[in-house]
Each structure stands twice: as structure tokens, then as C-alpha cells.
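Participant: Below are the chains, spelled out letter by letter.
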Amino acid sequence: MTTAPAKAGWRFRQPSVIPGFGLTLGFSLAYLTLIILIPLSGLVWRSASLGWSDFWAIATDRRTVKALEISFGTAFIAASINVVFGTIVAWVLVRYRFPGRRVIDAMVDLPFALPTAVAGIALTTLYSPKGWMGALLAPLGIKVAYTPLGIVIALVFIGLPFVVRTVQPIIEEIDKEVEEAAATLGANRFQTIFLVLFPGLAPAVVTGFALAFARGVGEYGSVIFIAGNLPYISEIAPLLIVIRLEEYDYAAATAIATIMLALSFAMLLVINLIQSWTRKRYG
Amino acid sequence: MEVRVSNVRKEFDRFPALRDVSLDIRSGELIALLGPSGSGKTTLLRLIAGLERPTRGTIFFGDEDASNRTIQERNVGFVFQHYALFRHMTVADNIGFGLKVRPSAKRPTRAEIRRRASELLDLVQLGGLEKRYPAQLSGGQRQRVALARAMAIEPKVLLLDEPFGALDAQVRRELRRWLREIHDATGHTTIFVTHDQEEALELADRVVVMSQGRIEQIGTADEVYDTPNSPFVYGFIGESSSLPVKVEDGQVWISDRPIGLATPELADGEAILYFRPHDIELLEECNGCIAGTVAASRRVAGTRRVELEIGGSRERIEIELPVGHPAAQKSRVAFRPKRWKVFPKAVEG
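As you go down the protein sequences, you meet chains A and B in turn. Residue 1 is where the first sequence starts when you use full-length UniProt numbering, and the numbers rise one by one after that. Residue 1 is where the second sequence starts when you use full-length UniProt numbering, and the numbers rise one by one after that.
Pulled out of the complex, with its shape left as it was, chain A reads as follows (with noise of 0.2 Å):
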């Protein structure tokens, strides 16, 4: 018994002798503070200048629940899309090498580069009904454009890169005898695959689906061109604080804002706690 049980409970981890973790902590709190909380805080606060009824009405407003509804479930649509492409991707470049490889590689990145905006104005020109793609699915009666499906495409272009580039490394270091005992011990590559290997990407996999999901609900710029932004059809929650901000609404604007932060901050916390828990487990 050379490990003893993790004590359960919250208690500091015992930092060690080498000097620094005063000062790193008290740097990461007062940056995180300046940066992240008071801008949030203040989100918070004036939102809450609204009062408790004022803001129930805004938030069960069937227009901003629509929002909210469609914000959160195409990121959801879009990060479990990527989740499944995106680890293929990663497989494809860490497992082969073919000509070109380098290329692709740098072309995952595009999407974190590019201003949104263009991306947005690229796909409606290619998935409007009289575009190259649009052109060829409006006979098979499928509308991307302008419509909740051309959202989930902006936003698994948008989302790509987030989970390709957690997924590499952790692809990059399985071992190549974890596959050959699996192998000698009778395992086909199917079994491999889906009982040793992608279990083992696991918590990369959350992580990079959380990244893409959070930065799915968030997207605004590529959104808006492709969306079509029709109220309680493809109206995304930033488009509606935006609406909300230019009507002199910004009591309304907040709220909504403080909504979503509350959701996306809930989400993301429990998305940590799976993964400190696979954490723990795998070691």
C-alpha cells in the first residue's frame, strides 16, 4: 500500500518548500479579479438595479427564453458534432503521415484566426439557397441558411479548433504498447479503439467539448450573417442583448446577459467536476 486513500474534504494541498506560492496566488487572484470579476460583478450589479420582478418578467419573456433555448442547444448541437469530427481530425493527423499533412494541420487553426464576421458572411454565401452548397441540399427540402441549422454549422466551424487541438497531445502520448497489449490480449481494433483507447481520451474530450460549447453560446459575429436572426426561430441571446442595447434597454440587455452567465458558469463548473472526478481515478 504505497498510496494512501485521497482524504476527502477541502483542505490546502501542503505547497512545497520551494518559495512562490504566496505571491503566484495572490497574482492569479488579484488578475483574475481585475479581469474576469469586476466586469462580471458589475454585470451583476446592474442587472440586479432592476428588481426581483422586473427581472423575472425579462427572463420568462418567451422571446429571450426562445433565445436563450436556441443559444444553448446549438452550441450543444455544434460542441457534440465537433467532439466526434474533431477527434477523428486529431486521430488523422497524430496516427498517418501523408502529403499535406502540415497544411491541414494549420488549417485547423483557421477558424480561431479568421474574424468571425467573415467566416459568418462565407458560409451564408455558400449555404443560401442560390449558393454552391444551399443550391444543392434546397431540392432535398433542407434550408441551412437563415434557419437554427445554419447556426450549428457557424458554430462547428467556429468550434473545431477547440477540440482538435485538446484532443493532439493526448492522442500524441498514448502508448503504443497500451495498444499492443490490448492486441495480445485478444482485443480486435474495434475493441481497441472504443474500450481502451477513446476511454482514455476521455477528460481531453470533455475539456474540448466544454471549450466549444462555451464558445459556441458566446459566438455572435459568424451568427448573426448566417442565422437569419428571426425571433423565436434563429435569434441567438448575444443578437438579443445587442437588440436590447440599441433600444436604450440596457437594464433588459444585462439581465439577459446575467441569465446566460449563470447557465454557461453552471454548465462549466459541472463539466470541471467530471473531469477532476475522471482526474482522480485516472491519475
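Heads up, a few of these hints could be off.
Now the in silico label distances, taken between C-beta atoms and shown as ranges [to be verified]:
1) B/56 with A/135: 55 to 61 Å
2) B/165 with A/188: 25 to 31 Å
3) A/275 with B/177: 40 to 46 Å
4) B/104 with A/57: 55 to 61 Å
5) A/106 with B/36: 54 to 60 Å
6) A/80 with B/36: 48 to 54 Å
7) B/187 with A/24: 57 to 63 Å
8) B/56 with A/80: 48 to 54 Å
9) A/274 with B/178: 51 to 57 Å
10) B/178 with A/88: 41 to 47 Å
11) A/18 with B/186: 45 to 51 Å
Hint data in this document are derived by calculation from the structure and do not stem from the laboratory. Cβ atoms here follow ideal geometry from the backbone N, Cα and C, with glycine treated the same way.
Following the hints, complete the assembly by docking chain B onto the known chain A.
Facilitator: Below, chain B alone, put in the same frame as chain A:
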């Protein structure tokens, strides 16, 4: 299961890692593949497992040609140097993995798999750790889980790649004895790779000494230690001293004097004499002997290691003397090896 390796050659990018290796392993034998790094021992093990395909030659399991069988079909238990445990699975799931992935017709029930895993954990003396994850185990414990996992599939052959390489000396010794016990209890044909001669000689029924992609010698611990058949084996296994000599008329000469050793079967020419530093007799009268001046003398545990400078050639060799022996202090020592071998010089080059 008998394993027969027949004229196997393996090249990596045209570089030969194994050159024409043949080896017969009897059923139930415990075999050590011993050699320095780069000797091809791990490659040979991986070829037997099916993790590599031979460039030429055949590997038989029993009478059956295993060359075209996939790794999965070969049913070998392989223990990797770094264990290669599945870190997202508990110890019990790791051990049960090989049973769980069987096609449904041959797959035991869940409860049966669980029972087998517990049984094997008891065998490797880790009972009660079913629910642990590999990250929560020590190196020695992981090693045993890896062995239990390999044995769970009831392998025809058990293959171990440097099984104790990453463990500290104390644990190594313990596991070594324990592996021998397990082998005797289960009777699996077992092949393990090591670069540690002590491990190989102590543990194995037969030792396969390898060097530069070739098998130098196959034999029991006694055989490879007492009658090494090549300069490499002489130098690699145990302590040895060597001295350049000349063979003339079936006699061994050092510079201008015969030293009283006869090698009637060897042709005349340059050669090298090998002997064990402790396997010598000291002589009072030098009447056909090796004589030298003491250049250095060290106390090593129960004996004294003396470095001698021989003749005009200034060659230095080591011999071992009893601690209290006066010769250790004398400036001139004469001796003759009791057991020795002369190899023609060309062989070594």
C-alpha cells in the same frame, strides 16, 4: 506449447536486427533471452508474439506455422516492459479484459470473469486490490497486475519483455523468486528478455545468449557459465580476463614462452586466451606458466583482486586471490588458469 523459431531474419529499414536465428523451446520451459541492448532479444520476443512480422523464416507453435496468424489468434500472454496497463480501468477490469473481448460464444459470464480476476489477483498476491486503478499501485504491484492480465487468457506462451527492468534491486529479487514459483505452479512455456545475467542465470531453465542479432549460445546456466563457446559469451557472462597469445604446435605461447596449456585442435596463429579470474592455480615454480608483476591490488568482498602486468607486452589482467595469500603482496606472481579457452583472433574481429 512448444515454440520453434526457424531461420528467422528481421530487418528494419534494411538494417538487420536479427540474422538467421533458430531456436527450439520445449513445452513448459522457462527461457531467458540474454544480451546487451541492440542484440535483437526484444525483436525476437516480439516476433514470437506476432507484434512484428519476420522478414524471412518461420515461427512454429507446436506443429503449426504461426507466421500467418494475427496477434489476436496467437493467444500469447505478453508482459510489456512498462506494463502497459489500461489506466482508466480498475485492476479487476484490466485482468478481465482479455476475457471480456472474446467473441460472445467463448466469453465467460460477467461473474465468471470477476471470479477469474480475483483468483489471479490472489495468485499474484494482490488479493483485495480489485477496485484500485493502476495509478494507485506501486511499480512492483503494476508488474504483477500486468502478469495476471497476461495469464488471464490462458496463453499458450507467456512472453515477458524486461519484466523487472524498471524496479529497484530489492523488489527485483523478490519478484524473481516469485516468478519462478508461478512458473512452476502454472507450467506455462515462458520466455523472458533481460540484460541482467544474474537474473537470467538464476531464473531460467536455459539461457539464450544473443549478440548483434545472432544467438551466440544456448544452454543451462552451468553450460553458458562453465563452457562459453565464444569470446563474446566469455566476456558477457561472469567475470573474465583475456590475454593475447600465440598458438604454435598445439601449445599456447605468451611472447617467447609456452605457458603449459595445450590446444591440439587449434591452428597456429594469433589467438586470445580467456579464463575466469578466480579459476586459477598459483605456482611456486614457473615451469610453463603465466607470470606477471603486481600492478594493483584491491579488496573485493571476500577475496582480493590483483591486477598483473604480464611480460614485456604490458598487458594487464585480473586474477583473484584469497585475502590472506602472500602472493597478493608479492611483486611477482606466477599462475596457470585451471579452466580456460583459447579463441583464434580472427573470430573476434
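Participant: Decide, hint by hint, whether the structure agrees.
Facilitator: Tested hints:
1. Remark: the range hint 55 to 61 Å for residue 56 of chain B to residue 135 of chain A is upheld by a beta-carbon distance near 58 Å.
2. The hinted window of 25 to 31 Å between residue 165 of chain B and residue 188 of chain A holds, with their beta carbons roughly 30 Å apart.
3. A beta carbon spacing of about 43 Å between residue 275 of chain A and residue 177 of chain B agrees with the range 40 to 46 Å that was offered as a hint.
4. Between residue 104 of chain B and residue 57 of chain A the C-beta distance comes to about 59 Å, which sits within the given range of 55 to 61 Å.
5. Residue 106 of chain A and residue 36 of chain B have their C-beta atoms about 44 Å apart, which leaves the hinted 54 to 60 Å range violated.
6. As the Cβ distance of residue 80 of chain A to residue 36 of chain B is approximately 53 Å, the hint placing it in 48 to 54 Å holds.
7. Between residue 187 of chain B and residue 24 of chain A the Cβ separation comes to about 59 Å, which falls inside the hinted range of 57 to 63 Å.
8. Between residue 56 of chain B and residue 80 of chain A the Cβ separation comes to about 50 Å, which falls inside the hinted range of 48 to 54 Å.
9. The hinted window of 51 to 57 Å between residue 274 of chain A and residue 178 of chain B is violated, with their beta carbons roughly 39 Å apart.
10. Checked against the given bound of 41 to 47 Å, the beta carbons of residue 178 of chain B and residue 88 of chain A, roughly 44 Å apart, stay inside it.
11. Separated by about 49 Å at the C-beta atoms, residue 18 of chain A and residue 186 of chain B satisfy the suggested range of 45 to 51 Å.
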